[in-house]
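Chains as they are written, first to last, in my numbering: chain A, 1 to 392; chain B, 1 to 392; chain C, 1 to 392.
Incorrect hints may have been included.
No copy labels: a pair is met if it fits in one copy or bridges any two.
In silico DSSO-like pairs for lysine-lysine, Cα to Cα no more than 30 Å straight-line [said to hold, decoys possible]:
#1 LYS344 / LYS273
#2 LYS87 / LYS344
#3 LYS87 / LYS6
Hints listed in this document are in silico derivations from the structure and should not be mistaken for laboratory results.
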Amino acid sequence: MKTLHKLPLLDPESGDDFQHIFLEADEGAAADWSVQSYTLRGGLQEGVQVVEIHNGKLHFAVLPTRGMGIWKGECGEITLGWDSPVKDPVNPAFINLEERGGLGWLKGFNEWFVRCGINSMGAPGIDTVTDYSGNSMDVPLTLHGKIANIPARAVSLEVTDGAIVLRGEVDETMMFGPALRLNVEIRTDLGSDAMTITDTVTNLGQNPQEHEMLYHINYGETLLENGSRFVAPFKQVAPRDPRSAEGIKTFDRYGDPQAGFVEQAYLYDLAAKRGSRETAVMLRNAAGNQASVLRFSLKDFPCFTQWKNTAARADGYVTGLEPATNYPNPRRFEREKGRVITLKGGESRNTTLTIEALDTKKAISEVEKEIRQLQKTVKGIVDPEPLGKFSG
Amino acid sequence: MKTLHKLPLLDPESGDDFQHIFLEADEGAAADWSVQSYTLRGGLQEGVQVVEIHNGKLHFAVLPTRGMGIWKGECGEITLGWDSPVKDPVNPAFINLEERGGLGWLKGFNEWFVRCGINSMGAPGIDTVTDYSGNSMDVPLTLHGKIANIPARAVSLEVTDGAIVLRGEVDETMMFGPALRLNVEIRTDLGSDAMTITDTVTNLGQNPQEHEMLYHINYGETLLENGSRFVAPFKQVAPRDPRSAEGIKTFDRYGDPQAGFVEQAYLYDLAAKRGSRETAVMLRNAAGNQASVLRFSLKDFPCFTQWKNTAARADGYVTGLEPATNYPNPRRFEREKGRVITLKGGESRNTTLTIEALDTKKAISEVEKEIRQLQKTVKGIVDPEPLGKFSG
Amino acid sequence: MKTLHKLPLLDPESGDDFQHIFLEADEGAAADWSVQSYTLRGGLQEGVQVVEIHNGKLHFAVLPTRGMGIWKGECGEITLGWDSPVKDPVNPAFINLEERGGLGWLKGFNEWFVRCGINSMGAPGIDTVTDYSGNSMDVPLTLHGKIANIPARAVSLEVTDGAIVLRGEVDETMMFGPALRLNVEIRTDLGSDAMTITDTVTNLGQNPQEHEMLYHINYGETLLENGSRFVAPFKQVAPRDPRSAEGIKTFDRYGDPQAGFVEQAYLYDLAAKRGSRETAVMLRNAAGNQASVLRFSLKDFPCFTQWKNTAARADGYVTGLEPATNYPNPRRFEREKGRVITLKGGESRNTTLTIEALDTKKAISEVEKEIRQLQKTVKGIVDPEPLGKFSG
Numbered sequence: 001m002k003t004l005h006k007l008p009l010l011d012p013e014s015g016d017d018f019q020h021i022f023l024e025a026d027e028g029a030a031a032d033w034s035v036q037s038y039t040l041r042g043g044l045q046e047g048v049q050v051v052e053i054h055n056g057k058l059h060f061a062v063l064p065t066r067g068m069g070i071w072k073g074e075c076g077e078i079t080l081g082w083d084s085p086v087k088d089p090v091n092p093a094f095i096n097l098e099e100r101g102g103l104g105w106l107k108g109f110n111e112w113f114v115r116c117g118i119n120s121m122g123a124p125g126i127d128t129v130t131d132y133s134g135n136s137m138d139v140p141l142t143l144h145g146k147i148a149n150i151p152a153r154a155v156s157l158e159v160t161d162g163a164i165v166l167r168g169e170v171d172e173t174m175m176f177g178p179a180l181r182l183n184v185e186i187r188t189d190l191g192s193d194a195m196t197i198t199d200t201v202t203n204l205g206q207n208p209q210e211h212e213m214l215y216h217i218n219y220g221e222t223l224l225e226n227g228s229r230f231v232a233p234f235k236q237v238a239p240r241d242p243r244s245a246e247g248i249k250t251f252d253r254y255g256d257p258q259a260g261f262v263e264q265a266y267l268y269d270l271a272a273k274r275g276s277r278e279t280a281v282m283l284r285n286a287a288g289n290q291a292s293v294l295r296f297s298l299k300d301f302p303c304f305t306q307w308k309n310t311a312a313r314a315d316g317y318v319t320g321l322e323p324a325t326n327y328p329n330p331r332r333f334e335r336e337k338g339r340v341i342t343l344k345g346g347e348s349r350n351t352t353l354t355i356e357a358l359d360t361k362k363a364i365s366e367v368e369k370e371i372r373q374l375q376k377t378v379k380g381i382v383d384p385e386p387l388g389k390f391s392g
Numbered sequence: 001m002k003t004l005h006k007l008p009l010l011d012p013e014s015g016d017d018f019q020h021i022f023l024e025a026d027e028g029a030a031a032d033w034s035v036q037s038y039t040l041r042g043g044l045q046e047g048v049q050v051v052e053i054h055n056g057k058l059h060f061a062v063l064p065t066r067g068m069g070i071w072k073g074e075c076g077e078i079t080l081g082w083d084s085p086v087k088d089p090v091n092p093a094f095i096n097l098e099e100r101g102g103l104g105w106l107k108g109f110n111e112w113f114v115r116c117g118i119n120s121m122g123a124p125g126i127d128t129v130t131d132y133s134g135n136s137m138d139v140p141l142t143l144h145g146k147i148a149n150i151p152a153r154a155v156s157l158e159v160t161d162g163a164i165v166l167r168g169e170v171d172e173t174m175m176f177g178p179a180l181r182l183n184v185e186i187r188t189d190l191g192s193d194a195m196t197i198t199d200t201v202t203n204l205g206q207n208p209q210e211h212e213m214l215y216h217i218n219y220g221e222t223l224l225e226n227g228s229r230f231v232a233p234f235k236q237v238a239p240r241d242p243r244s245a246e247g248i249k250t251f252d253r254y255g256d257p258q259a260g261f262v263e264q265a266y267l268y269d270l271a272a273k274r275g276s277r278e279t280a281v282m283l284r285n286a287a288g289n290q291a292s293v294l295r296f297s298l299k300d301f302p303c304f305t306q307w308k309n310t311a312a313r314a315d316g317y318v319t320g321l322e323p324a325t326n327y328p329n330p331r332r333f334e335r336e337k338g339r340v341i342t343l344k345g346g347e348s349r350n351t352t353l354t355i356e357a358l359d360t361k362k363a364i365s366e367v368e369k370e371i372r373q374l375q376k377t378v379k380g381i382v383d384p385e386p387l388g389k390f391s392g
Numbered sequence: 001m002k003t004l005h006k007l008p009l010l011d012p013e014s015g016d017d018f019q020h021i022f023l024e025a026d027e028g029a030a031a032d033w034s035v036q037s038y039t040l041r042g043g044l045q046e047g048v049q050v051v052e053i054h055n056g057k058l059h060f061a062v063l064p065t066r067g068m069g070i071w072k073g074e075c076g077e078i079t080l081g082w083d084s085p086v087k088d089p090v091n092p093a094f095i096n097l098e099e100r101g102g103l104g105w106l107k108g109f110n111e112w113f114v115r116c117g118i119n120s121m122g123a124p125g126i127d128t129v130t131d132y133s134g135n136s137m138d139v140p141l142t143l144h145g146k147i148a149n150i151p152a153r154a155v156s157l158e159v160t161d162g163a164i165v166l167r168g169e170v171d172e173t174m175m176f177g178p179a180l181r182l183n184v185e186i187r188t189d190l191g192s193d194a195m196t197i198t199d200t201v202t203n204l205g206q207n208p209q210e211h212e213m214l215y216h217i218n219y220g221e222t223l224l225e226n227g228s229r230f231v232a233p234f235k236q237v238a239p240r241d242p243r244s245a246e247g248i249k250t251f252d253r254y255g256d257p258q259a260g261f262v263e264q265a266y267l268y269d270l271a272a273k274r275g276s277r278e279t280a281v282m283l284r285n286a287a288g289n290q291a292s293v294l295r296f297s298l299k300d301f302p303c304f305t306q307w308k309n310t311a312a313r314a315d316g317y318v319t320g321l322e323p324a325t326n327y328p329n330p331r332r333f334e335r336e337k338g339r340v341i342t343l344k345g346g347e348s349r350n351t352t353l354t355i356e357a358l359d360t361k362k363a364i365s366e367v368e369k370e371i372r373q374l375q376k377t378v379k380g381i382v383d384p385e386p387l388g389k390f391s392g
């Protein structure tokens, strides 16, 4: 590969402002790629940094200021993202995660791809931590943790004649507590319909620290519509709660926007290839000519949650596909189930996820076939009621 | 009317910084108007945007960064505003509303005109809201709500040969909760001693949402002094609490600054014109040659609170005139009294208030006459003790 | 003295951005001094202002954005500061002091010199304050108060042919509560190995207000190492808690970094000169050829705490020398002991502290001799167990 560009956009050592760039393919290049970076202004988005990447086919906008989340994307006709009641990307300076009983995270929730974690994620709840004197103290953990509301301290871009790679570094650190660093690499091949997200989480400290991560990957229209399907190979799926149990018979199908619809969530034990434990899940539209596929290994993300929120468009008509280290229950519950990762002092954990956007019936039916093959290796139990094993 | 200027100062789509402008009347124009915008720097005011409007007579400074509040004004010799212990306008990024038992709002309180609301306002208190799963949860609501600490996402200016109009848009939104938008229009005719504030609050969501609004309009010296009077037509007025009852005999008169003075508040059921339900209230100085008048309809603002805080100058010698949708009690109390507005999905509510600054005895005595006329239509009960109907 | 430069770097009245300057000595000047100011970018340090002062020998970086704290310094081979798990200076806009049970302060803790206060400091704890109606309310006070997380509203620089002086003003104010102003002067003589910090705290209000201040002055390597000693003249020293009592036999000596080491703190009643009540304490390395000395009067800072946190390097290997108005216990406890200062309306309190960096055995042994002289005037009791008089 030949490097065309390699430059920092944000460097904590340099003192330079976030770099506003516009780079594009030379005339006649195989892929008509471009990269543009800028800063949003006005209201709660004041100061939010954006890097827009177009690989010639797939187009998406990364938000360094929001923990390297991905605001929105598109691939041909396919919209990657959703319409939240929160209209602008929110600068974390304006977010109080402890607000509204620990639900302050919802004041900034509007991205296509949001990381939840990295020391805790999931529903808010009391948990026991250690204070500076080594004493236990009970503190409220807030919804989905902090990482989406921590600005990246470093961002750099590399463009080769084959791919665009954006890297970012986000510190969730404190004295006398977890000091975790997230290194993100988002890579997309020129002209492709896919991107690969490689995250490395490192415990900068010497003491062991807990780590949870969930990717909240959210789709509204056009992928979400009446008749859309969620396709996944699973050993077992169970509703999170009684409300979700009401919809268990149609857990993998979606309806029209419905005012007052209360969210439902389904917790999966997915099937995967032997050895690599690689798997794939897919959201496809009714016609079966648009889809988004997630590919990952259960070694990285053993737990999967499907979130259905087919409420009125104005209230956020959306479904979330959520590969994760564990289920999004309060951390105390997940710890009891043995699902919370502990990183030793200095230890790193590396994960990979690929997202594809498919726009032909043929490609979609091939993925369906692939998922069907995985399903054949296991029984595929659908539990009508919540299971204590999955949710509390 | 001929449009002289029409331009955005802040536009969430453009990516441009807040526009710093200086516009002024042509030489020989009837009114020597000007508009200037700039950004404050240093300390807690870092990044606070200001639009200073001078219509040739009346001069005031709007703060887009603080929910389109109005920092201070003047009209000839009349000071519109007060001296708070908080010296600079505070960027909401530095405010934690939950601080000090929900009184964090007081760390940014120094404007002449502050909106309280728009989903809740009034004293802090526990209230029940709905979480993302449709379950009830008790959460602490903080003093006077959020809107004064949300930056406007859009600001635009229009100058015609007759008036200056500033517009702003402020979003108090979240996922799984109230998504309310405030559209503000502040209009002042060239050469006049008045401005009109037209607010539109819209429920962007599909689910019904509660809405409370109070205008906290605050005056210190020169309008406030020993011998100043509050003049209002009322059916009934009652002290908010026992402390306020101590001052009921002189509720409409003001004294000198007094160290250690504890605030008093009086809750009004105002009288108004039949049909339009328009009314007027006035604060006038001792000599009766300076006054500020508020004109509004009880259809828009049925409840009125007079706040007396004639403490030492250094502690904030100030009185607040507060037209509102309801009384500034905890929202739970106001809901029980049936005073909290509910906006249906997509519904908007539009209100208008005019503020005048009078500097002649004649003009002031005419308003007094007008108020006396309104008073004649009703009995005018002064309750010596707090009434459960007004406060809890 | 001849003034070479005198200029504002930040002025709340001007509307100008923080000034980025670079000033230096003329060629051939006696001391090769320089002053540079800049703004940090990226992540949580976005917008943090820095003033780097080099007097020709001593070099340090002041952080106006973090309450005029001092990030780090060096004097020849001597490092003034430490390595915190928090890598960048944090903009207070991103800090929630109430987080994690009131320990949010620890998310921004990485400076050499941090002020704690100025209305409260010490361990978090419930305390009773007065609300806007004069009623008592219990609120949680957070670790070490607010002042390190309030940006200076004004900063100015003066360079003479003898000294560099940086001044800053920080407001910790609110309506209906403490309105305290901190004025800081940091002065260093050209070519010297010392700086003098003169702080003035003023109660801007008319009502009496409480005031607490602790200087959290922190050293890691090179001054801190196995064999480093803390040298101080004391009447009495006691461990803060049972954990600290475990180390009482070696309270004045330091060991190597030790993974999992839980902090220890020792509370001192220092000895001082009669009359002036001036005293000195020193941290020196094992070889006795590097030291930092603090000089102050017990009139200003009657209480002293030594903080030992010889944890793993990655977790923050550090010791804190902490002159203070009182001990860093919850304010309620300190009030009961009669140690909390009350400032009357308009009252100011002025304090001075000098920090020296010594790099010769001779200079260090002279200070040791000086401290030994002070020690001779008193008995020097080492209490093996915590004393109720010092800690709760």
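Evaluation of the provided hints:
| no. | hint | verdict |
| --- | --- | --- |
| 1 | LYS344 / LYS273 | within (29 Å within a copy, 50 Å between copies) |
| 2 | LYS87 / LYS344 | between (40 Å within a copy, 20 Å between copies) |
| 3 | LYS87 / LYS6 | between (33 Å within a copy, 25 Å between copies) |
Of the numbered hints listed earlier, not one is contradicted by the structure.
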